[in-house]
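> Each chain is listed here by its residues.
Protein chains: 2
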Amino acid sequence: MNDTFLKVCYGEKTDYTPVWLMRQAGRYMPQYQAIRSNIDFLTLCKNPKFAAEVTLQPVDILGVDAAILFSDILIVVEPMGMRLEFSEKEGPVLSEPVRNKSAVDKLIVPEIEQDLPFVLETIKILRKELENKVPLIGFSGSPFTLATYMIEGGTSKNFVNTKKMMFQNSSAFLYLMDKLTDTVIAYLQAQIKTGAQAVQIFDTWAGILTPQDFRIYVLPYVKKIIKELKKTDAPVIYFVNECAGILGEIKKCGADIIGIDWRIDLSDAIKKLGKKIIIQGNLDPCALFLPKEKLEDRVKDILWKGESARGHIFNLGHGILPQTPVENVIALVEAVHTFSR
Amino acid sequence: MNDTFLKVCYGEKTDYTPVWLMRQAGRYMPQYQAIRSNIDFLTLCKNPKFAAEVTLQPVDILGVDAAILFSDILIVVEPMGMRLEFSEKEGPVLSEPVRNKSAVDKLIVPEIEQDLPFVLETIKILRKELENKVPLIGFSGSPFTLATYMIEGGTSKNFVNTKKMMFQNSSAFLYLMDKLTDTVIAYLQAQIKTGAQAVQIFDTWAGILTPQDFRIYVLPYVKKIIKELKKTDAPVIYFVNECAGILGEIKKCGADIIGIDWRIDLSDAIKKLGKKIIIQGNLDPCALFLPKEKLEDRVKDILWKGESARGHIFNLGHGILPQTPVENVIALVEAVHTFSR
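Chains as they are written, first to last, in my numbering: chain A, 15 to 355; chain B, 15 to 355.
A few of these clues could be false.
Since the list can't tell identical chains apart, any single copy or any two copies may satisfy a pair.
[Claimed, not checked] Listed below are the simulated DSBU-like cross-link pairs for lysine-lysine, each with C-alpha atoms no more than 30 Å apart in a straight line:
1. Lys-138 <-> Lys-115
2. Lys-237 <-> Lys-314
3. Lys-285 <-> Lys-319
4. Lys-265 <-> Lys-314
5. Lys-178 <-> Lys-308
6. Lys-265 <-> Lys-27
7. Lys-286 <-> Lys-120
8. Lys-171 <-> Lys-314
9. Lys-285 <-> Lys-147
10. Lys-142 <-> Lys-319
11. Lys-238 <-> Lys-308
12. Lys-115 <-> Lys-306
Just so you know, these hints were derived from the structure itself, not from any lab.
Throw the hints in and build the complete structure from the sequences for me.
Structural data, given as structure tokens:
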């Protein structure tokens, strides 16, 4: 069993820097495409056999130090009472956006075992398959990021509806955040209980907020989740995309590990977060289009900067892009392992 | 003549904090909509009479302390040799994206007087109309931001084509940056010569880069432009959207004034930029959806933080959104003037 990833999560020394990659299972990989050619995205997420198979692909092909459950952050909104579809062009589409108190009233905090059995089934299969390999990471979207999708009805450019609800109907917005927080706690607890050995909270959109709004509308809810999860043994990673301006707030969240996007120098991020934090990141996903030698230079630079943190898990600053050449991803994982020894 | 804005640009003391707003002329304003109902966007940009009229609307209606030329950053790419269209849905569409050396070869550095006479004509009309009112700001997109549109063929989510060209064909990318830099210098020099009393360089997309890539691929070109413009009297504002992670690089650009988006606390930004810089910003455009009292609280907070800089020009952290209520924008300008006295 390769437990390098977990060791770093627990603050222990390791022989080399572990690496996993956000969206390491996905469209850039022909083996994933092969499975997706017969099955649509949502069905894949809900089919434990195929979801597990897709989760395992990068472990074998890339040699990463952790697997992450294949799923989508929006899977959890269906049992809350929303209709979810994925369109190839627009991405996720949620019917009947939630924009007032009565819409929040109708939302249900799901019973995970009953409402999302396929997620837990996937975790069970994976723990067996990964027994002598690497640890399994579970995950959830953050309440705020989930709220943006529910309020906007999908992705957004300026998140006007989200901020309008925040600013003009704060009580309904915070009521939604409460329901989502309870949901995320139950969801991650169930994943951990079933076998996830660490979890990541994805906050893809919290970076659109001012530091002040992050402090009021996001931080208390993330803190609450992390506090609950601390009752388990599983380390918690909190990843905020576009985090540079709000790291001073993020550091208060209570997570053992903070994920960093690529728009900030890793040394700067470590300085802001302080010596207690284990850091994860932060190669630009587009650096995977660099010639090998230049890619290696960037890996060395990030590894070198990561040394000043309490611990460092190598990752990208966001998910792998569909156009990425697989051979470059393999070269990246190899480079991290070689140069960190 | 209200010269408060220019005084702050020159580092002088003023009785109150001047304010202008990015996209202060635009779709949120019924008077603008009235003109646009008879004329498409590109034609409006190219018609000096109407462009001047639209420029003047916010000066009269909002009481801002500066006018900014109504135009679009992409106006300059047409005489460079590209076809430009605006679609209501997708925004700007550029035919035949520039992705290799031979495509860059074909691009022309325009003769501004000859190729963009309508821009200079608009400036002439405006200087007359503004004679006893407020100063006129000219502007251009930065070479990098213009390059992204030329390479992607429009807006983009991940800017993969831009970064691919940067990383895989650096010489062609830098060749494009050279041509764009010469174009921007000529364009802003012509605007200043014709009557623009200050200029802003808009770098809408430089915030998608790592600090390292910003230093290599953006900063030298912006520095060159600013150095050339320093030969004139006109103050230069450099605005980078999503600037939080790269302020340490931005401060080296040589501009008198740095524009800041809303994703960073203004005090943090001022600390990073140092005491020589005059700061512009940084209210979240969505704060214009707040109830008046809470909007005023945010204005006071930003004004208070702005006092620690060498000078402060109040602005939004990005452009006014089309859905914004005009009365809130009027209230914002009034609040800045009242609370800064």
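> Look at each hint and say if it fits the structure.
The hints, checked one at a time:
{"no.": "1", "hint": "Lys-138 <-> Lys-115", "in the structure": "neither (37 Å within a copy, 53 Å between copies)"}
{"no.": "2", "hint": "Lys-237 <-> Lys-314", "in the structure": "between (33 Å within a copy, 29 Å between copies)"}
{"no.": "3", "hint": "Lys-285 <-> Lys-319", "in the structure": "both (11 Å within a copy, 23 Å between copies)"}
{"no.": "4", "hint": "Lys-265 <-> Lys-314", "in the structure": "both (26 Å within a copy, 27 Å between copies)"}
{"no.": "5", "hint": "Lys-178 <-> Lys-308", "in the structure": "between (44 Å within a copy, 13 Å between copies)"}
{"no.": "6", "hint": "Lys-265 <-> Lys-27", "in the structure": "within (22 Å within a copy, 38 Å between copies)"}
{"no.": "7", "hint": "Lys-286 <-> Lys-120", "in the structure": "neither (41 Å within a copy, 46 Å between copies)"}
{"no.": "8", "hint": "Lys-171 <-> Lys-314", "in the structure": "between (34 Å within a copy, 28 Å between copies)"}
{"no.": "9", "hint": "Lys-285 <-> Lys-147", "in the structure": "neither (34 Å within a copy, 47 Å between copies)"}
{"no.": "10", "hint": "Lys-142 <-> Lys-319", "in the structure": "neither (36 Å within a copy, 56 Å between copies)"}
{"no.": "11", "hint": "Lys-238 <-> Lys-308", "in the structure": "between (42 Å within a copy, 27 Å between copies)"}
{"no.": "12", "hint": "Lys-115 <-> Lys-306", "in the structure": "between (53 Å within a copy, 22 Å between copies)"}
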